[in-house]
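Undergrad: As you go down the protein sequences, you meet chains A and B in turn. By our numbering, the letter at position 35 of the first sequence is numbered 35, and the numbering carries on one by one without gaps. To convert a position in the second sequence, counted from 1, into our numbering, add 1000.
These are computed hints drawn from the structure, not numbers from a lab. Check before you lean on any hint, since a few could be wrong.
Claimed, not checked - To give an idea of the chain A side of the interface with chain B (calculated C-beta under 10 Å), a few residues:
| id | residue |
| --- | --- |
| 1 | 82 |
| 2 | 85 |
| 3 | 87 |
Said to hold, decoys possible - Which stretches of chain A does chain B cover? Using the computed rule of at least three CB atoms under 8 Å from a CB of chain B, they are:
| id | stretch |
| --- | --- |
| 4 | 2-10 |
| 5 | 30-40 |
| 6 | 56-69 |
Beta carbons are placed, not taken as given, at the ideal position from N, Cα and C, and that holds for glycine.
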Amino acid sequence: MIPALALALGVALGLVLHPTVPDALQPYLPIAVVAALDAVFGAVRAQLDGIFDDRVFVVSFVSNVLVAGLVVFLGDQLGVGGQLSTGVVVVLGIRIFTNAAAIRRHVFRA
Amino acid sequence: MASWRTLLRPRARRVDVLVALLLAVLGFAVVVQVRSTQSTGVLANARQGDLVQILDELSNRSDRLRQESESLTATQQRLSTGTGASQAALAEARKRTQQLGILAGTVAATGTGVQVRITDPKNQVSASVLLDVLEELRNAGAEAVMLEGTADSGQITAVRVVAQTALEDRDTGIAADGTHLVAPFRFTAIGDPSTLAGAMAIPGGVEDAVRQQGGTTVVTRSNRLRVGALHALSAPRYARPD
Chain A
1 MIPALALALG VALGLVLHPT VPDALQPYLP IAVVAALDAV FGAVRAQLDG IFDDRVFVVS
61 FVSNVLVAGL VVFLGDQLGV GGQLSTGVVV VLGIRIFTNA AAIRRHVFRA
Chain B
1001 MASWRTLLRP RARRVDVLVA LLLAVLGFAV VVQVRSTQST GVLANARQGD LVQILDELSN
1061 RSDRLRQESE SLTATQQRLS TGTGASQAAL AEARKRTQQL GILAGTVAAT GTGVQVRITD
1121 PKNQVSASVL LDVLEELRNA GAEAVMLEGT ADSGQITAVR VVAQTALEDR DTGIAADGTH
1181 LVAPFRFTAI GDPSTLAGAM AIPGGVEDAV RQQGGTTVVT RSNRLRVGAL HALSAPRYAR
1241 PD
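So here's chain A without its partners, still in its complex pose (with noise of 0.2 Å):
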């Protein structure tokens, strides 16, 4: 409960604070958004599973936005940070649709 309403929170405060992205943050916050939505997926299902833990979520959860970071500006400096930000929406996505169906399951039984 406290999540979705931390969730809320976060939707509310941006929508009221009307904020704008730094120039230098532009590229990864997109990334950084998919990547930590993988990891509440992730989260969800672990949770529905029976197997959720706190740490591994909030580790999980910051390892994801910092690799995925760390990949898109490793791919800025080699000059194909437009192709491997695509590879990394690709595979978060593909993580995302394999949670996504297991929640699926749990919460439909189908």
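Here the structure of chain A is known, so what remains is to put chain B in place on it, guided by the hints.
TA: This is chain B only, laid out in the frame that chain A set:
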């Protein structure tokens, strides 16, 4: 379902606060990212490589457009300054229009020529006699011909004689292109006066033919005649330029 309930159950350990914080940050970031994507448009979020590519495309396109503009400007200058060739072509085309107009009977013509006056006191001069006169004039090189006679209204009326002109017999006089004319007739033909006059005077020719019908022929040479009657041109219904 038990695990579903535990997911929603309130807890308050330290690590839970961290989880909540992370999720709040996630929600915040999602909104921020969505907003920046919506508000700043495509270019602001494009990466450097994409921007360079877009810039390349734009400059290529602008190069192409500039080249096209230059070539069009050159064409415009060529056309508007009117080099000698195009002006000569225009003058030639105008001259040709005039020439064709004289042939088709759509413009008036002046020049040297003869007038052939034919009287017909016995009403015996038929269309075929006048046609003979016309053919002789044409053979002698008449370039523009007009036939005058007295119309039904009593006025002297002129008909431009062109290739399509038809001469028909009527009870009195003739009809030229549907216009009823009675004697005296007068042909005005533009061409070489002496050739035309000579053609009229050929023994056994038109003068003799008119005389046999009881009429007289008077040929007058002139240095300046005007063929003012015009032939009304109708657009061809079937024939098209090839």
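Undergrad: Quick one: which hint numbers does this structure break? Sort them smallest to largest.
TA: Hint 3 is the one this structure does not satisfy, whereas the remaining hints hold.
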